[in-house]
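Using this note's numbering, you'd call the opening residue of the sequence shown number 297 and step up by one each time.
Mimicking BS3-like on lysine-lysine, the simulated pairs with C-alpha atoms at most 30 Å apart in a straight line are:
1) K357 / K398
2) K303 / K357
3) K398 / K412
4) K303 / K412
5) K412 / K357
6) K398 / K303
Since the hints were derived computationally from the structure, they do not count as laboratory data. It should be emphasised that the depicted structure is a prediction, and the values quoted were computed from it without experimental measurement.
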Amino acid sequence: MFVTVLKSKLHRVRVTQAELNYVGSITIDEDLMDAAGIMENEQVHIVNNNNGERLITYVIKGERGSGIICLNGAAARRAQVGDIIIIISYVMMTPDEARAHKPTVVFPDENNRLIKG
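Put together the whole structure using the sequences plus the hints.
What follows is the structure, given as structure tokens:
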């Protein structure tokens with residue numbers, strides 16, 4: 297048996313672009329992807345704090361250090377530039393693995409940059 301648990305989260309990033317005329321997905325700054333352990337093409341859940349919208353899509357690698365968070369295709373209808381969203385990835389594992397698992401949670405600054413600490 298497997299359970300699905302939180303793998304990682306980019307908490308409160310700001311949408312910088314919304315591109316309706318695109319195939320689909322979310323583009324994320326590669327620095328943020330690395331910090332959260334999110335891979336290109338990985339499924340993610342998006343939660344919009346401004347309007348309550350929720351959606352599932354996949355990740356496209358964005359320019360490193362750009363701070364880009366761009367909803368593409370139909371997802372662009374679910375957020376506006378400036379909205380605050382949470383990007384969540386999950387993983388399936390055995391209950392024993394899940395008990396020992398520690399998710400990665402990243403809290404970028406207001407410009408979607410990693411906070412040096």
